[in-house]
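K.L.:
Start from the sequences, fold in the hints, and give me the full structure.
Protein chains: 2
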Amino acid sequence: MSLSNLQSRDLKHLWHPCAQMKDYETFPPMEIVSAKGSLLHTANDGPLIDIISSWWCKSLGHGHDEVQQAVRDQMEKFEHVILANTSNELIVNLCEKLISLNPGYNKVFFADSGSDGVEVAVKMSLQYQQQNGQEQRKKFMSLQNAYHGETILTLALGDCGLYSAPYAALMPEIKKILDIPYVSGKVEDLPFEDFSSLLEPLEEYADELAGIVIEPVLQGAGGMLFYHPSFIKALRDWTSARGIHLIADEILTGMGRLGKVRACEFAGVLPDFSVFSKSMTAGFTPMSCVLTTDEIYNGFYDDYETGRGFMHSNTYTGNAISAAAAVAALEFYEREQVFARVAKDSVYMHELFEDVAAETGALLNVRSCGFVVAADLDMSLAGLNKKRCGYELYKKAVRKGLLLRPLGNTVYFLPPLNIERDLLEKSADIMKELIFEELRS
Amino acid sequence: MSLSNLQSRDLKHLWHPCAQMKDYETFPPMEIVSAKGSLLHTANDGPLIDIISSWWCKSLGHGHDEVQQAVRDQMEKFEHVILANTSNELIVNLCEKLISLNPGYNKVFFADSGSDGVEVAVKMSLQYQQQNGQEQRKKFMSLQNAYHGETILTLALGDCGLYSAPYAALMPEIKKILDIPYVSGKVEDLPFEDFSSLLEPLEEYADELAGIVIEPVLQGAGGMLFYHPSFIKALRDWTSARGIHLIADEILTGMGRLGKVRACEFAGVLPDFSVFSKSMTAGFTPMSCVLTTDEIYNGFYDDYETGRGFMHSNTYTGNAISAAAAVAALEFYEREQVFARVAKDSVYMHELFEDVAAETGALLNVRSCGFVVAADLDMSLAGLNKKRCGYELYKKAVRKGLLLRPLGNTVYFLPPLNIERDLLEKSADIMKELIFEELRS
Ligand SMILES: Cc1ncc(COP(=O)(O)O)c(C=O)c1O
Ligand SMILES: Cc1ncc(COP(=O)(O)O)c(C=O)c1O
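Residue numbers (the working numbering), protein chains in the order written: chain A, 1 to 441; chain B, 1 to 441.
Check the hints yourself; a few may be wrong.
Which copy is meant is left open, so a pair is good if it fits within one copy or across any two.
Stated by the list, open to error - List of simulated lysine-lysine pairs, PhoX-like, C-alpha gap at most 25 Å: (1) 176 with 97; (2) 138 with 36; (3) 175 with 138; (4) 176 with 395; (5) 77 with 400; (6) 186 with 175.
By construction, these hints were calculated from the structure, which means they are not laboratory data.
P.N.:
Given below as structure tokens:
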């Protein structure tokens with residue numbers, strides 16, 4: 001395989017994320033020279049539609065003018081100042097926006113990566129229980145097929161065995177809730193159901209649990225699986241009644257991805273903690289935050305000598321570049337009513353997938369909520385029944401101008417919330433064409 | 001206590017890092033309006049000398065023109081594009097710079113916070129051992145008084161009991177190496193010593209260890225403790241002979257903070273992994289990286305089906321805003337020979353501390369290396385022998401215009417590498433004045 005100069009230089013030193021680097025020998029990295037809106041511009045090929053929002057974070061696409069301007073303006077003031085014992089208009093403004101978008105919460109704690117944010121929420125939950133008379137509550141549970149990040153703790157909360165097996169020796173044991181009411185079709189259309197009986201198997205852990213961690217409604221990395229929002233209601237009722245925290249990882253789902261500020265709103269539920277990242281800064285720079293209640297905060301509030309403070313402190317907590325991007329993104333979401341548009345265009349995107357499914361007969365289990373739609377390749381069909389079918393499709397898709405990046409054999413669209421309809425249509429056409437080619441092969 | 005409007009708004013919603021929030025009642029947050037060079041400008045008081053580089057990261061001070069310009073230029077292209085299966089001139093350029101600064105390494109893996117970077121290194125080490133015939137190597141050790149971050153794993157690697165005690169239930173057991181040859185005075189002046197006998201107690205763990213994690217030369221959060229660089233040589237010899245990895249957390253010490261690219265250079269040692277953050281982007285936005293060798297990389301390189309790839313993937317891996325800042329910072333360091341200047345000015349800063357110690361008679365154990373100098377308040381003296389003496393000093397220091405932020409009762413300077421000498425002198429004068437006032441109180 002002939003490599004461009006940049007590709008050779010890349011492969012010499014750069015260890016890419018989430019990869020068996022040997023794969024790069026036959027599928028060398030695409031050289032990005034610029035990006036604007038929903039398009040990535042490459043050095044040697046045409047533009048690529050970023051249908052996955054660059055790992056689910058570029059909620060307003062690339063080079064968003066207002067977000068960039070906010071960052072440029074902030075640079076005139078400062079990029080980053082330690083947040084311990086300091087404050088500034090920007091970060092307070094961000095807190096106020098986050099709180100006003102999330103009635104019921106009153107406190108905001110910042111961290112960097114999404115993984116860091118989940119660590120913060122779990123640490124807060126455990127420490128709260130330990131110092132508020134519930135010392136026996138030391139365990140956490142999470143859901144089957146969960147994904148919560150890349151640190152050892154968040155891998156343990158997750159259920160992606162392949163990724164975490166080598167690290168088992170360092171991981172705490174986190175039991176998984178197994179009976180999840182997964183759904184097909186359009187999540188928004190589902191009527192309420194009572195799932196409380198699904199939680200009966202949890203009863204044996206009720207006295208030792210500190211908290212339950214969930215990706216609400218949508219499990220992303222676990223395979224773009226949607227479950228019934230009423231299940232969250234059951235979880236909230238069950239945990240509330242027992243003094244167990246509910247921790248919602250809204251890193252993927254929150255801030256408009258599913259057409260709402262929080263996916264838990266589909267269930268009318270306020271968890272004790274909600275974690276945001278990705279769309280919060282419109283995918284500009286890493287920032288996560290944990291929103292929580294006065295009740296939790298008060299469980300830490302005491303004289304210094306009692307040792308009850310929350311001592312977590314990432315260096316870049318409250319970074320002003322990220323905060324400026326976040327404020328601009330939240331203002332844009334609100335002013336342009338982006339989430340409402342998502343809720344509407346979601347139907348259109350779902351139909352596109354249904355059409356491809358109907359025409360090709362090769363997609364099973366079309367499902368969606370907000371601006372995420374997914375389906376499974378029917379691996380029993382000739383042409384698709386091969387090893388790493390999703391990966392093969394990916395390599396071909398980019399040659400046609402679409403950054404379709406299947407998860408295993410699940411194809412999905414998770415585009416910028418402001419993507420143009422014609423790009424969605426074009427993406428569906430490319431996907432259809434690809435599938436037909438595979439079926440014919 | 002009367003609060004400004006911003007202070008009241010802050011305390012309503014913002015949960016500050018590393019804090020018992022009740023302390024903020026009597027010491028409300030300082031409002032930062034702008035920052036330039038080594039100065040923070042406040043709304044209601046005068047400028048503050050940022051003598052701790054905003055938690056040790058603003059290595060070139062605030063508002064550095066070249067770093068800002070690089071970020072503005074990069075924004076014209078893109079802010080962030082998924083790094084899986086893509087590449088770009090900027091990130092390759094950064095890799096090449098990092099590798100050329102660190103002969104012996106050949107591969108670079110990126111993450112976000114410093115904590116994330118340490119997680120990456122530990123995960124790589126463990127996975128390497130597991131899949132290269134050393135399945136019994138599952139344990140890690142670290143040093144007494146260590147600090148490696150805020151996630152559960154990195155807290156477990158650390159030895160700051162107070163901060164981690166509430167989370168014990170989730171933490172893997174990590175044994176600590178206890179006999180550390182701590183030193184006083186100027187680290188650069190120390191002659192070689194053979195510390196191999198200090199490692200004899202480790203022999204019983206030799207067969208189960210995957211790696212040993214260290215902050216080389218300087219343990220920051222543990223109390224600004226310096227130890228003899230020759231100890232790292234002993235650790236490297238001992239680990240190399242046994243197939244155990246040495247992992248250097250250079251997040252604080254690396255990229256010029258101690259006057260060298262890596263603190264391990266004082267010992268002429270190449271660990272299997274070195275982790276950088278903080279000064280790497282000159283404190284612009286969160287980015288960390290792990291440098292490692294071809295040998296490690298090759299232990300992951302295989303056919304996809306073998307499952308030997310390294311699947312770590314933070315969303316923002318290789319973020320272009322951070323990468324642009326990093327490239328600009330590294331270029332500035334090199335062109336302006338910043339590290340050489342640090343080595344020289346370090347002597348001056350050390351002398352300032354020695355002078356304060358001599359004049360006040362209140363500082364014990366003056367110690368330094370590169371651009372970090374520290375000393376312990378003599379708590380036996382009248383005026384200093386009170387609870388939270390360091391914290392009391394801090395509150396008074398900011399009123400005099402110095403962000404002196406003692407760690408417990410240890411005072412230290414860790415200024416931007418390009419701080420003006422007169423600001424160093426002024427800082428020393430303020431500290432002296434403060435100590436005299438305490439002694440008289
Ligand atoms: C639900 C969820 N939680 C946590 C994370 C981890 O965030 P990060 O990659 O920023 O560490 C992700 C990233 O995809 C996610 O989808
Ligand atoms: C030696 C060391 N390791 C790790 C970290 C954690 O980095 P971060 O705060 O970016 O997570 C720090 C932060 O101060 C540090 O000093």
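K.L.:
Decide, hint by hint, whether the structure agrees.
P.N.:
Each hint tested on the structure:
1. When the C-alpha separation of residue 176 and residue 97 is checked against a cutoff of 25 Å, the pair qualifies neither within a copy, at 34 Å, nor between copies, at 44 Å.
2. Proximity of residue 138 and residue 36 under a CA criterion of 25 Å is satisfied in neither setting, with 47 Å inside one chain copy and 45 Å between copies.
3. When the C-alpha separation of residue 175 and residue 138 is checked against a cutoff of 25 Å, the pair qualifies both within a copy, at 12 Å, and between copies, at 22 Å.
4. Taking identical chains as interchangeable, the C-alpha atoms of residue 176 and residue 395 are never at most 25 Å apart, the minima being 34 Å within one chain and 47 Å between chains.
5. Proximity of residue 77 and residue 400 under a CA criterion of 25 Å is satisfied inter-copy only: 22 Å between copies versus 44 Å inside one chain copy.
6. Proximity of residue 186 and residue 175 under a CA criterion of 25 Å is satisfied in neither setting, with 29 Å inside one chain copy and 51 Å between copies.
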